[in-house]
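Based on the hints, put chain E in the right spot on chain A.
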Amino acid sequence: MEITSQRAGDFVDVTVIGRLDGYWADHLTKGLEDIMRQGADRIRLNLSGVTYISSMGIRVLVQFHKKLHSIHGIFLVSSPSDPVKRVLSMTGLQDVLMPATSSRAQAVARQESIRRLDRKNSTFEIFEYGAPGSTLKCRVIGAPDLIHGCRFSEANCRTVSFPDATVAVGLGAFGNSFSECSDRFGEFLAVAGAAAYLPTDGSNVPDFLLSHGAFVPELQVLYSVVCEGPLALLARFEAKQETGRVGLTELADLCLEVAGTNQAGIVIIAESAGLVGAALRRSPVGAGAESAPFGHPEIRKWLSFTTEPSHARALAVVAGVAARSPDGALAPLLRPSGGDLALVSHFHAAAFSYRPLQKGRAGSDRLSK
Amino acid sequence: MLEVRGVTKIFNAGTPNEVRSLQGVDLNLDEGEFVIIIGTNGSGKSTLLNAVAGTFLVDSGAIRLAGQDVTRWPEHRRARLIGRVFQNPFSGTAPNLSIAENFALAARRGLRRGLGWALEARLMSQVRDTVCSLNMGLEDRLDNAIGSLSGGQRQALTLLMATWLKPQLLLLDEHTAALDPKSADQVIRLSEEIIARDRLTTLMVTHSMHQAANLGDRLIMMHCGQIIHDFRGVEKRRLRVDDLLARFEEVRRADLLDEIAAELLERTYV
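Taken in sequence, the protein lines are chains A and E.
My numbering applies: residue 1009 is where the first sequence begins, and numbers increase by one.
My numbering applies: residue 46 is where the second sequence begins, and numbers increase by one.
Chain A extracted, bound-state conformation (with noise of 0.2 Å):
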């Protein structure tokens, strides 16, 4: 089977050759997942050299419609070969993947006054969102400097709730009380009523707390940034052809410059190029050695570092304050970036499997979910 692509104004059009039977069902689920994380959410699929379609290739068709379709965008069969059309109409599919109403009504729908803007590797759509015009109110928990040595104790362990219009990043852990916690703290993050976080008892496995009715995510905390109040922006964004890829800092310059401040608390939701950082191995509760955690060589027991970038193709959300200046209330979590741009950030990622996230103006229960 031979998939090729191109785009045709909102439309990426997929040409497929071959039989679309249960041996290439698969390939083509792989090549329309490829063209869809490239941004497309409107794929018109000619099939008028497919000689033959058996129930594995159907199912391919109305899973993509189905996963289009969740997302608001559009899938569709063109120009279809008699064998094709016959089953798409026996099967009644036909006016599903093939709707009489041209789909270009359905794409001028979509335009409405957008501000946009270009940057060096990408472009953004901004959006007013939930709360316009509101600020957040960020403040620092706890004192992050006690991690040199590892200090922390109970008396730096407090209860905190993480309820929906929070962001928050940090080191805490899921339990009830410090004792029950004080060998697996690690970092977390808490966005939209949902905290996830990573243990450091060796056992490696992410863990996650979601609010549902009365129940609001609970950490016990050893220090924090926390931001309350609602979110005001969207800013979505495409990575240009050219580089295929945005950086972190270039995200959070420009969430800046369209929120017109010099501080933000910043959640991105995005598919990952690759995430850089750190992750800690061991609790930093009772004092370790003076040295521990960043002495070399035992650096090694308690922090592991991306030597190369890990989770790439995942789907990251990744939450956090940058700001332009390293003063101010959120100093002691504040570090450079890195790269040409002099921010400082402090940010926390989290890495799902892969899903297409909605093009346009979502609403804001659809990003927390």
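Keep in mind that the hints were calculated from the coordinates and are not lab data.
Hints may contain errors.
[As the list claims (entries may be wrong)] Label pairs and their calculated CB-CB ranges:
hint, chain 1, residue 1, chain 2, residue 2, range
1, E, Val64, A, His1304, 19 to 25 Å
2, E, Thr53, A, Ser1299, 50 to 56 Å
3, E, Ser178, A, Asp1215, 46 to 52 Å
4, A, His1304, E, Gly278, 33 to 39 Å
5, E, Phe293, A, Asp1209, 48 to 54 Å
6, A, Glu1041, E, Phe293, 24 to 30 Å
7, A, Ser1089, E, Phe293, 55 to 61 Å
[As the list claims (entries may be wrong)] Counterexamples of contact, computed for chain A against chain E with all Cβ distances above 12 Å:
hint, residue
8, Gly1039
9, Lys1075
10, Tyr1231
11, Leu1241
12, Phe1245
13, Arg1308
14, Asp1348
Ideal placement from N, C-alpha and C gives every residue a C-beta, glycine not left out.
Only chain E this time, still in chain A's reference frame:
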């Protein structure tokens, strides 16, 4: 059953080629325990097995087996207590002797070999029955030289011979690594069967994460001549191939964390 205490071994000590293969290994095996050993290349897995088998004498530390201090025993003396299967199907058997003759040798391992008839009828009938249970059709070829068999057949026979006398300790050193996937699978199933049936105390080195996750009731991970993880009971049963790969990745990352990265992290981690 096996007690390894503070064992160290340095090869080529004092030369530029010095290798610290074992750096204070402590390991206790209960009777009937089936322990899998995994680790990166050069982590000391096979060296540990060789230290226990007596291929060389250790520099320091002690090894006790079945209640006896065997630290200073030579290899052939320990062979009375230990059955071994090697990675290379050509080790562990005498290629020019027949299947039957190899079994006759195995049956007298650690015993005095006098001038009696080696291939006596009772032994041969036992050998035929056992070999028959392999379902490899080898029972009709007991007179063939063992060197004429395929790698998988030889490893299966080696395993039968190594466990013929129900050794106090069975050492399996990547014994399926040189086999094709189908033969490897057969030999692994046979190993499992024999170990379970005779409740053999076993140390098995493997590079196969699939084997490591699915076999044994305890798993040890070695790195740089030390045991860095020891999973047993429910912890072992919960382990999946992905978990093991993640542990290897962790080790690899730790090794790459140099002083420059350490400095960077000190400045930027919090």
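How the hints compare with the structure:
1. Val64/E with His1304/A: 19 to 25 Å: Given about 23 Å between the Cβ atoms, the range holds.
2. Thr53/E with Ser1299/A: 50 to 56 Å: Violated - the Cβ-Cβ distance for Thr53/E and Ser1299/A, about 26 Å, lies outside 50 to 56 Å.
3. Ser178/E with Asp1215/A: 46 to 52 Å: 48 Å, holds
4. His1304/A with Gly278/E: 33 to 39 Å: 35 Å, holds
5. Phe293/E with Asp1209/A: 48 to 54 Å: With a Cβ separation near 19 Å, Phe293/E and Asp1209/A fall outside 48 to 54 Å, so the hint is violated.
6. Glu1041/A with Phe293/E: 24 to 30 Å: About 28 Å separates the Cβ atoms of Glu1041/A and Phe293/E, which means 24 to 30 Å holds.
7. Ser1089/A with Phe293/E: 55 to 61 Å: Once the Cβ atoms are compared, 49 Å apart, the range 55 to 61 Å for Phe293/E and Ser1089/A is violated.
8. Gly1039: At roughly 26 Å from the nearest Cβ of chain E, Gly1039/A sits farther out than 12 Å, so the non-interface label holds.
9. Lys1075: The assertion about Lys1075/A holds, with a minimum of 26 Å to chain E.
10. Tyr1231: 8 Å, violated
11. Leu1241: At roughly 27 Å from the nearest Cβ of chain E, Leu1241/A sits farther out than 12 Å, so the non-interface label holds.
12. Phe1245: 24 Å, holds
13. Arg1308: 4 Å, violated
14. Asp1348: 17 Å, holds
This entry does not satisfy hints 2, 5, 7, 10, 13, going by the numbered hints stated previously.
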